[in-house]
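Visitor: Add chains B and C to chain A, keeping to what the hints say.
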Amino acid sequence: MNNIITKERLDIVLNGVIKENPVLVLLLGMCPSLAVTTNGVNGLGMGLSVLFVLCCSNVAVSLLKNFIPEQVRIPSYIVIIASFVTILGLFLKAYLPLLDKALGIYIPLIVVNCIILGRAEMFASKRNVMDSFMDAIGMGFGFTLALLIIGSIRELLGAGTWFGLTVTANFMEPMAIFMLAPGGFFVLGCLIAIVNGITRYRGKQPEKAGCEGCSACQGQTGEAE
Amino acid sequence: MMVKKLMPVIVLTVICLVATATLVGTYGLTKPVIEKNNALRADRARVEVLEISGNQGFESYSYDEIKKMAKGKLTEGTVEVYVAKNNLGMVITTEDRGFGGSLLVMTGIDKKGRIRGVKVLDHNETPGLGTKAMTKEFFSQYLFKDKIDNSVEASDDIRVDGITGATVTSEAVYRAVVKALTVYELIGGIQD
Amino acid sequence: MKEMAFILTSMVLVDNLVLTKFLGICPFLGVSKKMDSALGMSYAVIAVMVLATAATWPIYNYLLAPFGLEYLETILFILVIAALVQMIEMGLKKYAPSLHKSLGVYLPLITTNCAVLGIAILNIDNGYSFVNSLVNAFGGGVGFLVALVLFSGVRRQIERSNIPLAFRGIPATMIAASILAMAFMGFTGIVEGMFL
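Chains as they are written, first to last, in our numbering: chain A, 1 to 225; chain B, 1001 to 1192; chain C, 2001 to 2196.
Derived from the structure by calculation, the hints contain no laboratory data.
It should be emphasised that the depicted structure is a prediction, and the values quoted were computed from it without experimental measurement.
All the pointers check out, no bait thrown in.
Short, incomplete list of chain C residues facing chain A, as computed with Cβ under 10 Å:
id, residue
1, LEU2019
2, PHE2022
3, TYR2071
4, THR2111
5, THR2112
6, ALA2166
7, THR2173
8, ILE2175
9, ILE2179
10, MET2182
Even for Gly, the Cβ is constructed at its ideal location relative to N, Cα and C.
Bound conformation, chain A alone:
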């Protein structure tokens, strides 16, 4: 039993949360990171939703990797991911209707979140189930952490509250612009700059990742690697 959680697997998790944080380092899944992070609750909700779908799809893809023929790989992954997203959507509607309303159209759009298809393609289709699960946990928590940070900053500056609790609203006029579209771009831009700065300070060249990575979803980076 002990060798289920090995050091290697913990590394996979940590790698996803910090070193290869999907939003702040790999720059994947930008759309939801900008769109739903108007407050901490929504950021956390979206993050955990993606975590759920990522875990399920990574495990499913890893289990089925030997049965899925090469030619229909991408469509199969899309079907698998879309089903988990729909299941998530139905459960959110049933048990957390307020969150469902706040996230709205961005719930079905998890299907096209680059992180999920990218991990299925780059990791789960090559590794065993347990590793894939750990990778999903790492990446999912990394995503959740990033969204929670962005959401908290925007809520704090934009509304003066944090998770709905009044923090600075009493002595500082909230700047509503942080809750709007420009604030989203601005906060995420600054956060990425901070991460870049830290990587530079520690003497490492920041990774030349980026939205080109999205092509991973199409299986192109898969070959490029």
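Guide: Showing chains B and C alone in chain A's frame:
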């Protein structure tokens, strides 16, 4: 050879079938909960805008029924009409266009035709700006008025004000409430 | 007619997919470096959006809604879009090789462009008629084009300026996008004034 060629198609079909079956199952599981939640939420909202209705609930009227009651002259934008079972008032849901799209407003009106509560149900307004025109404090100026007017010349007892930074939204809410009052008039108020 | 003009203008200026709804951020950051690639991507997106709407609207309204199968929306839509993109690519390759050469590289990226799936779902959520849905999709695509083309000019300037090291690349781009989004906020309310 044939089998090998067909294999991808078979696998994809099987995956699709399994996926659909799972979804049908999940839907069957969650549907009653979703419906119950929706009904509960709508009920709670109705009680909120018309507290005098107590706990006896409401009777809903279909669109055709309302139209018949209003003798065919129903205002555009009327969504729902509910009459309290204790006959003390009705709740009218109306729609209007706000800043970010359509805006659903629920208005509770008592037997004397006075507004007893206003609530915005569904909206796409800007958080922090448009939402300022959706607070209980903002709506308190509507309470107990049987006629409203948002022009500057209006006398104090019927006048309602807009809110800075949310002009479009407060006007949309105002128009929706006016619609609700018109519908109430058209239906002919509460019949005993 | 008035409604169509209303939808079109508001999709291009006010509800711009990229700058207010955050849909299609990946291609927005990825291919806006050069004007011609921005244009190529945008044309491909406009075409796929309109065709995808033309396919998904009837599917939802005649196949799913009458049987209470609305919850299959996501899975069916994404499959339809993926298949559509594949078919367009094959069709172009066969019948319009020159067009395929210029747009071909962008096509595979479009399946996972959330703006396409987004617009298909938004059309259903808003309850638009078939024609209005097509107008909405076209407007959304044009809005995408406007954002990308405007931004490619901005990016050319950014590349030439001396920016603090940490901000080089994506961070500077994001902050420029923030300013552009702020500029687009100026359009809010303009459409109501024009048409209502």
